[in-house]
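Asks: Chains A and B, in that order, are what the protein sequence lines are. When the letters of the first sequence are read in order and numbered with my numbering, they come out as residues 72 to 292. When the letters of the second sequence are read in order and numbered with my numbering, they come out as residues 5 to 149.
One should not assume that every hint holds.
Stated by the list, open to error - For lysine to aspartate or glutamate, the following EDC-like pairs were computed, each having C-alpha atoms within a straight-line distance of at most 20 Å:
#: 1; chain 1: A; residue 1: K285; chain 2: A; residue 2: E192
#: 2; chain 1: B; residue 1: K112; chain 2: B; residue 2: E102
#: 3; chain 1: B; residue 1: K118; chain 2: A; residue 2: E192
#: 4; chain 1: B; residue 1: K112; chain 2: A; residue 2: E140
#: 5; chain 1: B; residue 1: K45; chain 2: B; residue 2: D57
Everything labelled a hint here was simulated from the structure, so no lab data went into it.
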Amino acid sequence: MQEAAKQATASLPEPAEANGWMGTRESARTVPAHARRFWFCFGGLTFFTAIMQALSGIVLAFYYQPTPERAYASIFYISNYVKYGWFIRSVHAWGARLMVVFIIIHMLRVYVTASYKHPREMNWVAGVFLFVITMAFGLTGSLLPWDQQAYWGTAGAIAFIEKTPVVGDWIARFIVGGDAIGPSALSRFYSGHIMMLPAALVILLSVHFWMVRKQGISGPL
Amino acid sequence: MERRNFLVWAAGASLGASAIFIGATVIQAMIPPARSVDGKKNAGKIAVARVSDLEVNKPHLTDYGEDKIFVVKASGTEVHVFDAACPHVGCQLIFNPETVEFDCPCHKSVFTVKGVRLRGPAPRNMISAVSQIVNGEVVVSGFRA
């Protein structure tokens, strides 16, 4: 395995011709020429938006209160009284939408360049799960402002889930924590949004990146 | 300076500037604001009434900072202080001595003399303030977050 890696890097030019501090720290694993195109950047951009979501989310969690009486009031407070709160909330809301767009472009790129094929099938599968996690982030996050859009948006999504044959009702009850969207739904969605989903995202992203490092970037078309 | 060194330097400088900008924004947002979650401004410790001047369950309307407050004596040693604005849309509540309740003139929300919501569109109880009795005076130190 290591022999193969040595042979692969042997043909590449030596990177460290001592171009100052940065020059001596350049990676020996340079990105191949065919991958130096902007449409190869969308996986990294998705990761960047994920970091921004984590950072802005931590600040929002300082002030957000997940109870029906306080949820909207605390969000109003963030937007109006917390310094730069309006900015951080907007970064979080727009970042969420942007992340979904970036993932879709990333998936299209992987499909078009056939990067999902052997030996990278399992990384495609991991990526699909990451996409599902991101959509779940969107579903759980959209209820938290607890306004009309949040409530009815979630009510629509739950109605879809209920239509699943056989297990639909049970799953909907499990997600909402009862028969209707109420205080227990808010607690569950908040727990999922800031504890369960981030943990799943970190684990799957580690696997995703580890496999990219191990398998390298797919060859040119 | 060589072109390559300059580009490395410029990239590092812009990354550093971004990090400082993001860090400063995040840290400033984490500092607790001067207002409580209800948007009420804490005006510091202010003596608002003498306990001996108050009558039990007869709210006394006075000022605290930029807000109106009700000082309610529950007993000789127990005093509650509430923001006079309704937690619905902020109309000033009126005390009704016949029912011993606070009524909202705008949308008919009703609260007990202890600030508990009874009915109406108000989403929660009256906004309470933190108060202490110091040397026979009611001292308000801010609103509860």
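Asks: Give a verdict on every hint.
Replies: Hint check:
| no. | hint | in the structure |
| --- | --- | --- |
| 1 | K285/A with E192/A | 14 Å, holds |
| 2 | K112/B with E102/B | 16 Å, holds |
| 3 | K118/B with E192/A | 65 Å, violated |
| 4 | K112/B with E140/A | 19 Å, holds |
| 5 | K45/B with D57/B | 26 Å, violated |
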